Every structure is written in C-alpha cells, then in structure tokens.
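With the hints as constraints, model all of the structure from the sequences given.
Residue numbers 1 to 220, in the numbering used here, belong to the letters of the sequence shown in order.
Worth flagging that the hints you see were computed from the coordinates, not collected in a lab.
On a predicted model such as this, the values are computed, not experimentally measured, just so you know.
A portion of the hints provided could be inaccurate.
Said to hold, decoys possible - Here are the simulated EDC-like pairs of lysine to aspartate or glutamate, each with C-alpha atoms no more than 16 Å apart in a straight line:
{"id": "1", "residue 1": "Lys-18", "residue 2": "Glu-60"}
{"id": "2", "residue 1": "Lys-158", "residue 2": "Glu-140"}
{"id": "3", "residue 1": "Lys-18", "residue 2": "Asp-96"}
{"id": "4", "residue 1": "Lys-18", "residue 2": "Asp-45"}
{"id": "5", "residue 1": "Lys-158", "residue 2": "Asp-143"}
What the hints assert, rightly or not - Here are the computed distance ranges between Cβ atoms for each label pair:
{"id": "6", "residue 1": "Arg-78", "residue 2": "Gln-163", "range": "36 to 42 Å"}
{"id": "7", "residue 1": "Pro-121", "residue 2": "Asp-153", "range": "40 to 46 Å"}
{"id": "8", "residue 1": "Pro-121", "residue 2": "Ser-205", "range": "43 to 49 Å"}
{"id": "9", "residue 1": "Pro-121", "residue 2": "Leu-206", "range": "39 to 45 Å"}
{"id": "10", "residue 1": "Gly-133", "residue 2": "Arg-186", "range": "26 to 32 Å"}
{"id": "11", "residue 1": "Leu-206", "residue 2": "Asp-132", "range": "29 to 35 Å"}
{"id": "12", "residue 1": "Glu-14", "residue 2": "Asp-132", "range": "17 to 23 Å"}
{"id": "13", "residue 1": "Asp-45", "residue 2": "Gly-152", "range": "53 to 59 Å"}
{"id": "14", "residue 1": "Lys-158", "residue 2": "Gly-34", "range": "45 to 51 Å"}
{"id": "15", "residue 1": "Glu-29", "residue 2": "Ala-168", "range": "29 to 35 Å"}
All C-beta atoms in this analysis are idealised placements derived from N, C-alpha and C, irrespective of residue type, glycine included.
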Amino acid sequence: MAKAKRRASSSGEETRQKILDATLETLQEEGIVGASARAIARAGDFNQALIFYHFGSVDEAIVAAIGELSRRRLERYRDPLMAVDNLTDLIHVARDLYENDRESGEVTVLAQAFAGASRDPEMGPAMYDHIDGWNQLIAEVVDRAIAASPLGDTPMAKMLPRQELAMAISALFLGVELMGQLDPERANTDRLFTSIAAMAQLAESLLESDLININAATTP
Numbered sequence: 001m002a003k004a005k006r007r008a009s010s011s012g013e014e015t016r017q018k019i020l021d022a023t024l025e026t027l028q029e030e031g032i033v034g035a036s037a038r039a040i041a042r043a044g045d046f047n048q049a050l051i052f053y054h055f056g057s058v059d060e061a062i063v064a065a066i067g068e069l070s071r072r073r074l075e076r077y078r079d080p081l082m083a084v085d086n087l088t089d090l091i092h093v094a095r096d097l098y099e100n101d102r103e104s105g106e107v108t109v110l111a112q113a114f115a116g117a118s119r120d121p122e123m124g125p126a127m128y129d130h131i132d133g134w135n136q137l138i139a140e141v142v143d144r145a146i147a148a149s150p151l152g153d154t155p156m157a158k159m160l161p162r163q164e165l166a167m168a169i170s171a172l173f174l175g176v177e178l179m180g181q182l183d184p185e186r187a188n189t190d191r192l193f194t195s196i197a198a199m200a201q202l203a204e205s206l207l208e209s210d211l212i213n214i215n216a217a218t219t220p
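What follows is the structure in structure tokens.
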C-alpha cells in the first residue's frame, strides 16, 4: 500500500512538472493572451482539467511556472554572482544572463508573464514574491562590492541603502530585458550594456580617487 502511495505521489509531481513546462512553452510561443487552459494542455498533450486540479486556475499555473523558471535561473547564476565583489563584474554577469535568457527564450516568457500580472491585484504580488529571491541575491553582491570598495566600513558605507540599491539594479536589469524585446537587431541593447559597464568603472575610479584625496586632506 505504501508503495502505491509513493507511485501516486511521484506521478502527481511528474504531471505538475509537465504542466509547468507546458505553461512556459505556451507563454513563449503564444504569449500571455494565448496562454489559455486549452493551449497549455495542447502544448503538454494532457487533459486541460489537470491544470485546475493541480493549480486551481490558469493564472496560478502561470505564477507557479514563473517561480519554477526563477528558481532555475537562480541556480544557474548563483555561483557566478556569489563570486562578484564589484559593480563592473556584476554588469558583466548581467550581460551574460541577458544573452542566455534571450537565446533560450526566457526573456520572452518573463515579459509576457509580467505583462499579464501587472494589472492583476492577486497575480502581480504573487509574481513579485517569486522574483524577490533575485533582489536578495543582488543585495548580497552589493554588500560585498561595498565592503571591497574604498568605502569599506566607513560611515558613508553604513548610510548606503543596500536593499534599495539591490532593487534598483534588479529593476534596471529587468527593464533592459524587456526593452530588448523591442530591439530585434540587439545593437542598442549591446551598446547599453557597454555604456553601463563603462559608467560602473568610472564611478568606482572616481570613488577611489575622491576617498584617497579626502584621507590625504584629513591626515595630520
């Protein structure tokens, strides 16, 4: 009897995963407007009633699918991001992430899902919860970048709003990804990443120079 229960549970998880994969495929191929229960079921070759049995609604299946996608991306990029300790390297990792997202079609999936959730009072916050893991990971990067910078543990460093900086960086990256959907030739997006990296290097150089001058001026 116990073995039968385990088989049933395993089958249920497999079906759930199949629905999530089919939902992501449908968002990429059909967009949010075409992501109906029928379209998702057709993509995964299963009965559309299974969507409602496992998730309750199409919207909840979409939110769960984005959560799955976000977890995959976090696992894939956690190690590269954990090795970053300055803003310039963060921009380089973000550019690699963008390129992979674009080639895999994940940018399209995210853009479509966010478009559908933006005006939904329930779907929007649920979607945000799934991407908040990125904010926390970026906040860790910001902490390391500040600690490794000339700011170190100075009073100025302690005043910096780390969580807000992390959210701003995440929002900037998300905006670049969404804007990239409107740039089929990729030229403008490529130049944007190059410019952002250059500005990050300039900011770090100016910061180091200014702090050296301040320390020199205040040293007896």
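Hint-by-hint comparison with the structure:
1. Lys-18 <-> Glu-60: holds (15 Å)
2. Lys-158 <-> Glu-140: Holds: Lys-158 and Glu-140 sit about 15 Å apart, inside 16 Å.
3. Lys-18 <-> Asp-96: Violated, at about 28 Å.
4. Lys-18 <-> Asp-45: holds (9 Å)
5. Lys-158 <-> Asp-143: Cα-Cα ~10 Å, so holds.
6. Arg-78 <-> Gln-163: 36 to 42 Å: violated (19 Å)
7. Pro-121 <-> Asp-153: 40 to 46 Å: holds (42 Å)
8. Pro-121 <-> Ser-205: 43 to 49 Å: holds (45 Å)
9. Pro-121 <-> Leu-206: 39 to 45 Å: 43 Å Cβ-Cβ, so the 39 to 45 Å window holds.
10. Gly-133 <-> Arg-186: 26 to 32 Å: holds (27 Å)
11. Leu-206 <-> Asp-132: 29 to 35 Å: Holds, at about 32 Å.
12. Glu-14 <-> Asp-132: 17 to 23 Å: Violated: the Cβ-Cβ distance is about 28 Å, outside 17 to 23 Å.
13. Asp-45 <-> Gly-152: 53 to 59 Å: Once the Cβ atoms are compared, 57 Å apart, the range 53 to 59 Å for Gly-152 and Asp-45 holds.
14. Lys-158 <-> Gly-34: 45 to 51 Å: holds (50 Å)
15. Glu-29 <-> Ala-168: 29 to 35 Å: For Glu-29 and Ala-168 the Cβ distance comes to about 33 Å; the hint holds.
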